[in-house]
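*Asks:* Listed in order, the protein sequences are those of chains A and B.
Going by full-length UniProt numbering, the residue at position 82 of the first sequence is 82; the numbering climbs one at a time, nothing skipped.
Going by full-length UniProt numbering, the residue at position 211 of the second sequence is 211; the numbering climbs one at a time, nothing skipped.
No wet-lab data here; the hints were simulated from the structure.
A portion of the hints provided could be inaccurate.
Pairs involving identical chains hold if they fit within one copy or between any two copies, as the list cannot separate such chains.
[Claimed, not checked] Cross-link-like lysine to any residue pairs, in silico, SDA-like; alpha carbons within 20 Å at most: (1) K42 - E61; (2) K150 - L170; (3) K213 - M153; (4) K65 - Q134; (5) K227 - R21; (6) K227 - R77; (7) K42 - T76; (8) K227 - N38; (9) K227 - Q171; (10) K214 - P116; (11) K65 - R136; (12) K93 - D175; (13) K141 - L9; (14) K93 - R77.
If you're wondering where the values come from, they're calculated on a predicted model, not measured in any experiment.
Chain by chain, the residues run as shown.
2 protein chains.
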Amino acid sequence: MIEELQDYLAKEFDIHFSDPRLLAEAFTQASYVNEHPNQNLKFYERIEFLGDAVLELIVSEYIYKRYPELPQGRLTRLRAAMVCEDSFSKFAKECHFDQYIRLGHGEELAGARQRPGLLCDIFESFVGALYLDQGRPAVEKFVQRVIFPKLDMGWFDHAVDAKTSLQEFLQRDGDVLIEYHLLEESGTENNPAFHVDVAADGQVIADGQGSSKKQAEMQAAQRALKKLRAKK
Amino acid sequence: MIEELQDYLAKEFDIHFSDPRLLAEAFTQASYVNEHPNQNLKFYERIEFLGDAVLELIVSEYIYKRYPELPQGRLTRLRAAMVCEDSFSKFAKECHFDQYIRLGHGEELAGARQRPGLLCDIFESFVGALYLDQGRPAVEKFVQRVIFPKLDMGWFDHAVDAKTSLQEFLQRDGDVLIEYHLLEESGTENNPAFHVDVAADGQVIADGQGSSKKQAEMQAAQRALKKLRAKK
Chain A
1 MIEELQDYLA KEFDIHFSDP RLLAEAFTQA SYVNEHPNQN LKFYERIEFL
51 GDAVLELIVS EYIYKRYPEL PQGRLTRLRA AMVCEDSFSK FAKECHFDQY
101 IRLGHGEELA GARQRPGLLC DIFESFVGAL YLDQGRPAVE KFVQRVIFPK
151 LDMGWFDHAV DAKTSLQEFL QRDGDVLIEY HLLEESGTEN NPAFHVDVAA
201 DGQVIADGQG SSKKQAEMQA AQRALKKLRA KK
Chain B
1 MIEELQDYLA KEFDIHFSDP RLLAEAFTQA SYVNEHPNQN LKFYERIEFL
51 GDAVLELIVS EYIYKRYPEL PQGRLTRLRA AMVCEDSFSK FAKECHFDQY
101 IRLGHGEELA GARQRPGLLC DIFESFVGAL YLDQGRPAVE KFVQRVIFPK
151 LDMGWFDHAV DAKTSLQEFL QRDGDVLIEY HLLEESGTEN NPAFHVDVAA
201 DGQVIADGQG SSKKQAEMQA AQRALKKLRA KK
């Protein structure tokens, strides 16, 4: 399984481990080690401990530099959205890491291979192994492909509030007047519905709906961001 | 104040900032910025965000490599004891950073300069500024002087359990028989007192007291570690 993983990493990411034992350790769960007591195997947890800190720093530095005006509170929220089980487990799936984890039989039967907690751990331990084997530049190259593009794809917009993101996006190169207009208020008292649009310097970009004005505005801002980013 | 800080850092740590504005930012609290609205100042929070992640990685990597047998749970506890407000605020005091913080008047009067939370923040922001100005090697040099020696001084022993630390210390170079003996049990039922000693290969190293046998053994282990480390 580890040899297949090496081939896959070479083909897909141009990553070649000098010490494949690190890679094996990163993809081995304790349950597998317990089932193979004579093979003197190690499981991923220590490397995961390191990988977690590596990812934390690389992501922190990237968003610190990319958003020079973002205050600390929002940087922290954005980092928390990027460096978390939900994101990392998705990245692990996207990288097909789930296929290469070495699990014990019981864990396999219990469906551990698709458990977000495990997938997240394996993503971190892979990064830890890559860091130990090849240093930070190799991790940066990997992360630039797997994590950072998701920022532009809007994966983490919820963490920074779409209305503020839209404002920052539009006002990058100078002042722009952003207005939200209420187009329609309908529904019942217990089930209200709002329809708004958002305009930049008088030009409507997108509309949004929701059960509160704020929700409708957030949707409009998200849609506007999506349109503007697609144009870039 | 920042010029004095530069002189101090040069003299005490041989640290010379290329961009003193980073250093100024790292030592400036928001309250000071608010009181000097025309100076276009920045406060430390964004740099602190980065410094926090830098310290997390450097400490993680150090203990990962230094304790190759320590399982993840104990690595995590040790890191939490090292990378925390309590430790960082002490390091900041030890480095006399408290003297150079730029605070607003109100904060000064409220005693913020000695507040552990602020001292911790400033320690992190200093590291963030050093990292931005001179890269990781400069931070490592600083941390090797300010943080890592505390490991040998036993600052973080509580995080890893003194009995286990003693075992690791003594068994570094091979197997050693460690025994705890109960010397005396006294006190009352509601207020018991235990006195134990700890011996390595039959030779008593230290004794300890406590209101439970475990507490007494922990104290004996701590004292033994202290003695053995002092000998090294």
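*Asks:* Indicate, hint by hint, whether the structure satisfies it.
*Replies:* Against the structure, the hints come out as follows:
no.	hint	verdict
1	K42 - E61	between (31 Å within a copy, 18 Å between copies)
2	K150 - L170	within (19 Å within a copy, 49 Å between copies)
3	K213 - M153	neither (25 Å within a copy, 59 Å between copies)
4	K65 - Q134	between (24 Å within a copy, 16 Å between copies)
5	K227 - R21	neither (46 Å within a copy, 38 Å between copies)
6	K227 - R77	neither (24 Å within a copy, 46 Å between copies)
7	K42 - T76	between (34 Å within a copy, 18 Å between copies)
8	K227 - N38	neither (57 Å within a copy, 39 Å between copies)
9	K227 - Q171	within (16 Å within a copy, 63 Å between copies)
10	K214 - P116	neither (32 Å within a copy, 39 Å between copies)
11	K65 - R136	both (17 Å within a copy, 16 Å between copies)
12	K93 - D175	neither (41 Å within a copy, 44 Å between copies)
13	K141 - L9	within (13 Å within a copy, 35 Å between copies)
14	K93 - R77	neither (24 Å within a copy, 29 Å between copies)
The structure fails hints 3, 5, 6, 8, 10, 12, 14 (numbered hints given earlier, in ascending order).
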